[in-house]
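Colleague: These are the residues of each chain, in order.
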Amino acid sequence: MNIPSDLLYSKEHEWAKVNGEIATIGITDFAQGSLGDITFVELPKVGAVVEQFSNVGVIESVKTVSDLYTPLGGEIVEVNTAVDGDPAALNNDPYGSGWLIKIKLSDKAQTQQLLDAAAYADIAHD
Amino acid sequence: MTSERRTALYEEHVALHARMVPFGGFSMPVQYSGILKEHDAVRHRAGLFDLSHMGQFILEGNDVAAWADGLTINEVATMKPFQARYNIFCNPNGGAHDDVIFYRLPDRWLLVVNAGNADKMWAHLNAHRSGDVRLRSLHGDAALIAIQGPSAVGMLQKHVDIDLATIKYYFCAEAKVDGVPVTLARTGYTGEDGFELFLPGDRAPAIWRSLLAAHEGEGLIPCGLGARDVLRLEAGMPLYGHEMTEEITPVQAGLTWALKLPKPEFTGKGALVQQLEGDRFPRIVGLKMAGRVGAREGYPVFSGDARVGEIRSGSIAPAVGNANIATALVEKDVTTIGTNLQVEVRGERHDATVVSMPFYKRQKTERKGDR
Chain A
1 MNIPSDLLYS KEHEWAKVNG EIATIGITDF AQGSLGDITF VELPKVGAVV
51 EQFSNVGVIE SVKTVSDLYT PLGGEIVEVN TAVDGDPAAL NNDPYGSGWL
101 IKIKLSDKAQ TQQLLDAAAY ADIAHD
Chain B
127 MTSERRTALY EEHVALHARM VPFGGFSMPV QYSGILKEHD AVRHRAGLFD
177 LSHMGQFILE GNDVAAWADG LTINEVATMK PFQARYNIFC NPNGGAHDDV
227 IFYRLPDRWL LVVNAGNADK MWAHLNAHRS GDVRLRSLHG DAALIAIQGP
277 SAVGMLQKHV DIDLATIKYY FCAEAKVDGV PVTLARTGYT GEDGFELFLP
327 GDRAPAIWRS LLAAHEGEGL IPCGLGARDV LRLEAGMPLY GHEMTEEITP
377 VQAGLTWALK LPKPEFTGKG ALVQQLEGDR FPRIVGLKMA GRVGAREGYP
427 VFSGDARVGE IRSGSIAPAV GNANIATALV EKDVTTIGTN LQVEVRGERH
477 DATVVSMPFY KRQKTERKGD R
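Line order of the protein sequences matches chains A and B.
Counting from 1, one number per residue, gives the positions in the first sequence under my numbering.
Counting from 127, one number per residue, gives the positions in the second sequence under my numbering.
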């Protein structure tokens, strides 16, 4: 299972990559593997202001529907519209082309509530 | 997971890195390589399934046919030797205890019931046993391997000592597969051609491995229950607990073709006749969602402001242009093909249209057998 060391993780199996005041967010390799073939993604609108750990979207796979939670709060500045036409990108490249949203962080200190790769590896199993 | 039983093929699934889930009291593979990939194999090449969790009961004695005819809605006594027939055990209200397949063998009958209903059905059969009827449960001991898909028959043929072309749809035979005595039936739950192999559990791993090894190059892959559910829904086949339950009758499920009213008396007949005559009952229809949002079990269905029913099964359908398809139990007046309905998904209404089932039908038709 792929858990890149330069990312932060939530217990809900999302990752965040913080670059200055912008965080890119997606779901982890473990999450995509658990969900199975992903068929549809519902993402928040650009401009929406969301709180840390709040429900911001939905991910549908062939066999299940699950909520998407944002690991960090702030304003949505970009959503990955490409995954709309290619939801399999979440399966094939969860840390790359399968990214989901970019957030302008409201409080960078929120990152302290996230896990590093080693801590996430401890919970990323069945 | 430790409380679930294991089929004879459990170690094979683990070795193939299947994702195991509890299902019908067993730990079963929900997927190996991925539901969509497995679905594609069955629609275009072939897939191999472990269905050993299903209940296999042996019925013996001179009175089996007449006795079973009194407990089921389809005909049993008129079955020819080696014929297979879909049937339903109903409760006195017409709801379904289970949907099953009877296989008539020369000296006995094989009854295959749903895994989740196996204990209930075993109790039901024993409680109603009468005359010269002897019952034996092979549940959990015997194995069931299905090979399904357009290439399935050709693949299996290389392992069998009889000509499979002589076995029509919904017929079976006793033959040897890799030298092992097996009951093989041209039945399935995928909408594709193929066979189901009933065999002793201890012989199953070798045959499973042999089939996979011999036909891997032609695209045979192991397939889990996830793919099976998509395949059966596309093919318009009901799943117990969804399209049919102790409350939802076979008439409501659109299985009136299996209801043989000329039979003198059987459990549930009165209620089913009454339901048919009244005609005002909610029934199962096929729905196709207009958009990309999926309809899932339990979602409410609306016609304008009126709630008219609920989704019973739903999935993306790769064989139907990746549309989101579903079955819904809805009021009679919204069941006409082409009717526009709305499905409530996470608080929002999404358009859907009533369509005919099956959603998917394979093109080659060699189905001469009588169900």
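Simulated from the structure, these hints should not be mistaken for lab results.
Do not rely on the hints blindly, as some may be mistaken.
[As the list claims (entries may be wrong)] Label-pair restraints from in silico Cβ distances:
no., chain 1, residue 1, chain 2, residue 2, range
1, A, 81, B, 402, 48 to 56 angstroms
2, A, 125, B, 261, 41 to 49 angstroms
3, B, 463, A, 84, 48 to 56 angstroms
4, B, 149, A, 11, 23 to 31 angstroms
5, B, 170, A, 84, 24 to 32 angstroms
6, B, 463, A, 55, 34 to 42 angstroms
7, A, 85, B, 433, 57 to 65 angstroms
8, B, 458, A, 54, 39 to 47 angstroms
9, B, 219, A, 96, 54 to 62 angstroms
10, B, 402, A, 64, 35 to 43 angstroms
Ideal Cβ positions, reconstructed from N, Cα and C, are used throughout, including at glycine.
Colleague: Now tell me, hint by hint, if it's right for this structure.
Modeller: Right, here's what the structure says about each hint:
1. 81/A with 402/B: 48 to 56 angstroms: holds (51 angstroms)
2. 125/A with 261/B: 41 to 49 angstroms: About 43 angstroms separates the Cβ atoms of residue 125/A and residue 261/B, which means 41 to 49 angstroms holds.
3. 463/B with 84/A: 48 to 56 angstroms: The hinted range 48 to 56 angstroms is violated for residue 463/B and residue 84/A, with Cβ atoms some 30 angstroms apart.
4. 149/B with 11/A: 23 to 31 angstroms: holds (27 angstroms)
5. 170/B with 84/A: 24 to 32 angstroms: For residue 84/A against residue 170/B, whose Cβ atoms are near 27 angstroms apart, the range 24 to 32 angstroms holds.
6. 463/B with 55/A: 34 to 42 angstroms: holds (37 angstroms)
7. 85/A with 433/B: 57 to 65 angstroms: The hinted range 57 to 65 angstroms is violated for residue 85/A and residue 433/B, with Cβ atoms some 33 angstroms apart.
8. 458/B with 54/A: 39 to 47 angstroms: holds (43 angstroms)
9. 219/B with 96/A: 54 to 62 angstroms: Hint holds: Cβ distance 56 angstroms, inside 54 to 62 angstroms.
10. 402/B with 64/A: 35 to 43 angstroms: With Cβ atoms ~37 angstroms apart, the hint holds.
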